[in-house]
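What follows is each chain in one-letter form.
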Amino acid sequence: MGFSNADLQAIGLTLRLASLVTLILLLIGTPIAWWLARTTSRWKGSVGAVVALPLVLPPSVIGFYLLIAMGPNGPVGQFTQSLGLGILPFTYWGLVVASVFYSMPFVVQPIQNAIEALGERPLEVAATLRAGPWDRFFTVVVPLARPGFLSAAILGFAHTVGEFGVVLMIGGNIPGVTRVVSVQIYDHVEAMEYAQAHWLAGSMVIFSFLVLLTLYTINPNQRRF
Amino acid sequence: MNTTRTTLAILMLTLASATALADEVKVAVAANFTAPMKAIAEAFTQDTGHTTEIAYGSTGKFYAQIKNGAPFQVLLAADDITPAKLDSEGMTVPDSRFTYAIGTLVLWSAKAGFIDDQATVLTSGDFNKLAIANPKLAPYGVAAMETLEKLGLTKIVEPKLVLGENIAQTLQFASTGAAELGFVALSQVIKDGKITEGSGWIVPAEMYQPIRQNAVILSAGKDNAAATALMDYLKGDKSREIILSYGYKI
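Chains as they are written, first to last, in this note's numbering: chain A, 1 to 225; chain B, 1 to 250.
FYI, nobody ran anything at the bench for these hints, they're computed from the structure.
Bear in mind that the values here come from a model prediction, so they are computed numbers and not experimental data.
Mixed in with the good hints there might be a few duds.
Footprint (simulated), chain A over chain B, 3 or more residues, beta carbon under 8 Å [claimed, not checked]: (1) 123-137; (2) 146-156; (3) 171-179.
Virtual Cβ for every residue (Gly too), placed ideally from N, Cα, C.
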């Protein structure tokens, strides 16, 4: 027994998807977290709430609305079609877009917390030493908030790997394109292939445990999730 | 004193007979049979006094749940394999198995006029995606693959296939328009004997193996009068009429 070729294909796809999503989330999540941590705008609450929505919405709601929004008659679908890209459901890029939305709070919140914990002081000091805004960000904020960034990357990655409901609803279960590990496990269970299901499911348990162990080791105060 | 005792005895007898007359049966029903089952359950309760508690879902999931102690007393499966398997594993009441419906496959689109009576659109390849139920899990998916094979389209259509986990999700892909075509169960898109929304092509029966949907009484329903009554009711004229009206054969 062990992993079949289809299982390995699903694992490879999942790792590729989670890596890309984590990268994108760090790139767009960091400015959002920065803004949320430092703004006094009255929109802070609303933006924070929108970012956190996937934490409380069931995947069936997110999947359903994403399917409609990205479908041929939805606003996202109209937009992608006008760019000549076709529609996103049942494609790898559809999963990327959905996962970025779905895993956003897991990346934004740890970074936001870390930046808030820094306070104004280190930035003010750096400014008096004539560090420009970019310089301050990369030489002061990033090193000091590093545990926050690490937590964000690990959680974003792990959460994308663990995603199921949304993928099921917009993915269409295409081998090598949208059939990720969680869907593959579901298929094994539904098809009564319990031995193969155990291999993958057991690996997921070990993987998730190791991820959380790493997280708590690098950042013992991380209790938010 | 005496009268109190008599009253009590009568009361208890009445209660006992009432429960004997009107039992409740817990039924697991394949997703494709949702609409007709709702109609049948209503008529069943009206005619017999028995009540039903029904869960709708995929046959594979029900199998896993039944194996792990789910209290279902009757299973209306989407196939003939699962009931037979449960039979051989001693999880059923022997000899209770029978075919309650034979499923009909339809090619369906949410767009009116998209599919003509020759299903030209399928052969022309002029569509974005074709949704089918996962053939590994669902008998309607197997039937869809057999139909494509018969039409000689398997190779051409393969890159456009998307798989629903069950027939309900397959319809969802097609009805949102995310997939322009879908092979679904006729029972899902038929109303009063007609396809009322979008457009469809009823796949000729000779293009796929008959989708025999079998029912069986599970071990938990062994001593439940309502379970036996429901099985009898499913074979009766009223049920047959409902089943036929949803495009099944018997």
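Here's how the hints hold up against the structure:
1. 123-137: Since three or more residues must qualify, the claim that chain A covers the segment 123-137 of chain B holds, with 6 doing so at under 8 Å.
2. 146-156: Contact hint for the segment 146-156 of chain B vs chain A: violated, 0 residues under 8 Å.
3. 171-179: Three-residue rule met by the segment 171-179 of chain B, so holds; n is 6.
Checked against the numbered hints above, the structure violates only hint 2.
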